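2 protein chains.
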Amino acid sequence: MSLPARFHPDVAAALAAIDAPALRHVFFVACGGSLSIMHPAKFLLDQHGSLASDVYNAAEFIARAPKLLGPDTLVVLCSMTGTTRETTAAGRFAREKGAVTVGLTVEPTSPLGQSVDFPVKFEAPYTTGVPIDAKDSNYSCIYQLVMGLVAARGEEDLTKQLIDSLHNLQTVIDRAQDSFAPLWDRYAEHFAKQDVIYTMASGASYGAAYSFAICVLMEMQWINSQAIHSNEFFHGPFEVLDDKRCFVLLKGCDSTRALDERAEEFLQRFGSSENILVLDADALDLSGIDDRFKGNVAPLIFFDTLWRFIYKVADFRQQVMLEGRRYMKKLSDY
Amino acid sequence: MSLPARFHPDVAAALAAIDAPALRHVFFVACGGSLSIMHPAKFLLDQHGSLASDVYNAAEFIARAPKLLGPDTLVVLCSMTGTTRETTAAGRFAREKGAVTVGLTVEPTSPLGQSVDFPVKFEAPYTTGVPIDAKDSNYSCIYQLVMGLVAARGEEDLTKQLIDSLHNLQTVIDRAQDSFAPLWDRYAEHFAKQDVIYTMASGASYGAAYSFAICVLMEMQWINSQAIHSNEFFHGPFEVLDDKRCFVLLKGCDSTRALDERAEEFLQRFGSSENILVLDADALDLSGIDDRFKGNVAPLIFFDTLWRFIYKVADFRQQVMLEGRRYMKKLSDY
Numbered sequence: 001m002s003l004p005a006r007f008h009p010d011v012a013a014a015l016a017a018i019d020a021p022a023l024r025h026v027f028f029v030a031c032g033g034s035l036s037i038m039h040p041a042k043f044l045l046d047q048h049g050s051l052a053s054d055v056y057n058a059a060e061f062i063a064r065a066p067k068l069l070g071p072d073t074l075v076v077l078c079s080m081t082g083t084t085r086e087t088t089a090a091g092r093f094a095r096e097k098g099a100v101t102v103g104l105t106v107e108p109t110s111p112l113g114q115s116v117d118f119p120v121k122f123e124a125p126y127t128t129g130v131p132i133d134a135k136d137s138n139y140s141c142i143y144q145l146v147m148g149l150v151a152a153r154g155e156e157d158l159t160k161q162l163i164d165s166l167h168n169l170q171t172v173i174d175r176a177q178d179s180f181a182p183l184w185d186r187y188a189e190h191f192a193k194q195d196v197i198y199t200m201a202s203g204a205s206y207g208a209a210y211s212f213a214i215c216v217l218m219e220m221q222w223i224n225s226q227a228i229h230s231n232e233f234f235h236g237p238f239e240v241l242d243d244k245r246c247f248v249l250l251k252g253c254d255s256t257r258a259l260d261e262r263a264e265e266f267l268q269r270f271g272s273s274e275n276i277l278v279l280d281a282d283a284l285d286l287s288g289i290d291d292r293f294k295g296n297v298a299p300l301i302f303f304d305t306l307w308r309f310i311y312k313v314a315d316f317r318q319q320v321m322l323e324g325r326r327y328m329k330k331l332s333d334y
Numbered sequence: 001m002s003l004p005a006r007f008h009p010d011v012a013a014a015l016a017a018i019d020a021p022a023l024r025h026v027f028f029v030a031c032g033g034s035l036s037i038m039h040p041a042k043f044l045l046d047q048h049g050s051l052a053s054d055v056y057n058a059a060e061f062i063a064r065a066p067k068l069l070g071p072d073t074l075v076v077l078c079s080m081t082g083t084t085r086e087t088t089a090a091g092r093f094a095r096e097k098g099a100v101t102v103g104l105t106v107e108p109t110s111p112l113g114q115s116v117d118f119p120v121k122f123e124a125p126y127t128t129g130v131p132i133d134a135k136d137s138n139y140s141c142i143y144q145l146v147m148g149l150v151a152a153r154g155e156e157d158l159t160k161q162l163i164d165s166l167h168n169l170q171t172v173i174d175r176a177q178d179s180f181a182p183l184w185d186r187y188a189e190h191f192a193k194q195d196v197i198y199t200m201a202s203g204a205s206y207g208a209a210y211s212f213a214i215c216v217l218m219e220m221q222w223i224n225s226q227a228i229h230s231n232e233f234f235h236g237p238f239e240v241l242d243d244k245r246c247f248v249l250l251k252g253c254d255s256t257r258a259l260d261e262r263a264e265e266f267l268q269r270f271g272s273s274e275n276i277l278v279l280d281a282d283a284l285d286l287s288g289i290d291d292r293f294k295g296n297v298a299p300l301i302f303f304d305t306l307w308r309f310i311y312k313v314a315d316f317r318q319q320v321m322l323e324g325r326r327y328m329k330k331l332s333d334y
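So the sequences go chain by chain: R and X. Counted from 1, the first sequence has number 252 at position 252 by the working numbering; the numbering is strictly sequential. Counted from 1, the second sequence has number 289 at position 289 by the working numbering; the numbering is strictly sequential.
Because the hints were derived from the structure by calculation, they are not lab data. Predicted model, so just to flag it, every value in this text is computed and none were measured. Cβ coordinates follow ideal geometry from the N, Cα and C atoms, glycine included.
Computed list of lysine-lysine pairs in DSBU-like fashion (alpha-carbon distance at most 35 Å, straight line):
{"id": "1", "chain 1": "R", "residue 1": "Lys193", "chain 2": "X", "residue 2": "Lys312"}
{"id": "2", "chain 1": "R", "residue 1": "Lys193", "chain 2": "R", "residue 2": "Lys244"}
{"id": "3", "chain 1": "X", "residue 1": "Lys97", "chain 2": "X", "residue 2": "Lys329"}
{"id": "4", "chain 1": "X", "residue 1": "Lys67", "chain 2": "X", "residue 2": "Lys97"}
{"id": "5", "chain 1": "R", "residue 1": "Lys121", "chain 2": "X", "residue 2": "Lys67"}
{"id": "6", "chain 1": "R", "residue 1": "Lys67", "chain 2": "X", "residue 2": "Lys160"}
Taking CB as the label site, the calculated pair distances span:
{"id": "7", "chain 1": "R", "residue 1": "Gln318", "chain 2": "X", "residue 2": "Glu156", "range": "52 to 62 Å"}
{"id": "8", "chain 1": "X", "residue 1": "Gly70", "chain 2": "R", "residue 2": "Gln319", "range": "48 to 58 Å"}
{"id": "9", "chain 1": "R", "residue 1": "Arg308", "chain 2": "X", "residue 2": "Glu265", "range": "30 to 40 Å"}
{"id": "10", "chain 1": "R", "residue 1": "Lys193", "chain 2": "X", "residue 2": "Glu156", "range": "50 to 60 Å"}
{"id": "11", "chain 1": "X", "residue 1": "Ala13", "chain 2": "R", "residue 2": "Tyr327", "range": "47 to 57 Å"}
{"id": "12", "chain 1": "R", "residue 1": "Glu189", "chain 2": "X", "residue 2": "Thr171", "range": "53 to 63 Å"}
Let the sequences and hints guide you as you build the complete structure.
Rendered as structure tokens:
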């Protein structure tokens with residue numbers, strides 16, 4: 001199999017060395033925000049490949065020690081800084097068990113980079129303060145890895161369509177910022193007053209809802225939150241809905257969209273519209289993205305654009321982002 | 001393979017008909033509280049068998065339509081009443097794709113029971129108001145199915161140890177009620193005043209934390225909640241902890257216990273002890289349960305005993321259980 005020229009060189013190097021047809025299983029392993037990108041990666045693999053996979057928190061992965069882990073299994077890890085101890089330990093654990101390991105990080109010389117067979121360097125605006133191109137993001141790298149594996153196993157080869165889409169993605173995100181901006185102005189001051197804000201999504205976008213709930217609302221704004229799956233909502237959580245409860249619904253454009261639509265209809269019927277912030281992927285101009293990947297790039301667009309929203313919320317709360325943490329990176333022993 | 005005489009007859013019938021060595025994959029599929037038991041089932045399978053599996057909400061499962069689904073895959077479904085529409089539809093969808101289907105329900109003649117190849121009847125106190133024996137519960141049936149599959153594939157045969165453990169389980173649960181009772185008296189009035197209560201667990205017990213959060217706290221008490229994984233806690237959620245925030249920590253006794261211990265230490269250090277309700281499986285007398293299954297029966301004990309707690313909480317809130325719902329089973333169109 002030959003990969004398109006613009007494939008990420010680290011991903012291409014890993015794919016060249018991995019015996020993809022012999023793989024029995026993939027484990028996607030990380031913590032927190034990095035774990036959130038594993039959900040859409042698995043969604044992509046589930047829909048395009050016949051390779052089974054699991055998504056695990058890194059400490060859970062080690063302690064659980066799945067019997068399937070061993071030679072002919074691939075473990076894909078991610079930690080932005082490459083210093084997350086649980087993820088680095090998971091990389092070492094997987095190698096000891098004979099698995100092939102790929103580690104996504106912005107710093108290939110980091111502990112995670114050194115614990116794996118194949119480090120993959122991605123870019124993150126958080127580390128440099130400089131805007132990045134979405135084609136260099138963690139999402140982009142892991143999607144290239146997944147679709148590269150699918151092609152290498154002799155299933156669908158959509159690597160060219162994927163790489164073309166990823167190279168157009170930043171333009172799409174920039175357009176989405178303009179499209180969503182009026183929502184931020186409408187909702188920021190009201191949402192800034194809330195003690196509880198739920199997020200909701202399904203399919204490829206569930207990870208973005210999870211990340212926004214735990215890494216942004218809870219971690220950086222101390223707002224109580226939870227990412228509710230759009231259909232699980234109807235099996236318990238919907239009972240907390242009243243005319244005061246706030247939700248952020250990520251209405252994706254993958255094959256699970258009908259689940260989000262049903263949730264939205266319920267939210268609008270029994271909640272109050274000023275409390276229901278809906279980001280609708282179908283309202284965006286996604287030209288430049290191949291139809292088969294639109295659903296999978298939606299969460300990246302949602303998450304990227306929601307940063308603009310939360311900075312506006314933070315202004316109203318007078319809680320400075322990142323510096324507003326009590327524990328993370330402030331306690332030496334956690 | 002011959003199963004112990006006391007195996008559940010419906011599970012035994014399914015196992016006799018399934019070509020277990022030929023199976024490529026298991027999908028555990030349900031909604032809400034029934035989905036919560038799929039997590040410990042997968043935990044058990046991950047640790048004892050080399051068969052890959054996924055846990056999916058039923059609507060997500062259909063809309064995602066994993067490429068792996070087809071002949072030689074087993075789909076295990078559960079709906080207590082057997083009337084959950086998404087789960088019944090998932091059973092039909094899986095059969096159309098050529099998968100083998102097993103459906104756990106208290107009513108084998110229900111829509112779910114009729115949509116699957118092999119209905120498995122379990123008992124639930126909720127439907128009859130009469131106490132059941134834990135050996136007849138949904139947990140018991142699904143554990144028998146999982147360990148039966150493992151044995152039928154020529155891996156570990158622990159079916160006798162499992163069935164002996166399950167037959168001793170009700171006695172263990174009754175003892176646990178006495179052991180935990182002082183906690184209920186200590187925490188019920190204070191927790192009844194809360195607007196937000198988080199639950200936390202890892203490994204085999206995560207599903208019980210999920211179920212208590214969404215089906216009990218949110219659904220029946222309208223208390224905001226989320227089930228936080230004990231290690232994910234450190235990657236964002238812990239920032240909401242202060243001296244007022246309430247948590248229920250399910251400290252299990254499976255191989256992930258160290259994750260719960262770390263979380264407990266943090267909760268006690270930065271929270272207030274009156275807000276931190278810890279259910280510790282190691283404090284219980286689990287004699288009668290084989291060591292290899294103690295971790296897996298802990299969530300059933302936790303969930304069963306927490307019902308006593310929530311009835312005390314409900315008394316203080318003057319919110320009658322089950323009748324306290326706004327939407328579930330009250331709207332004809334949801």
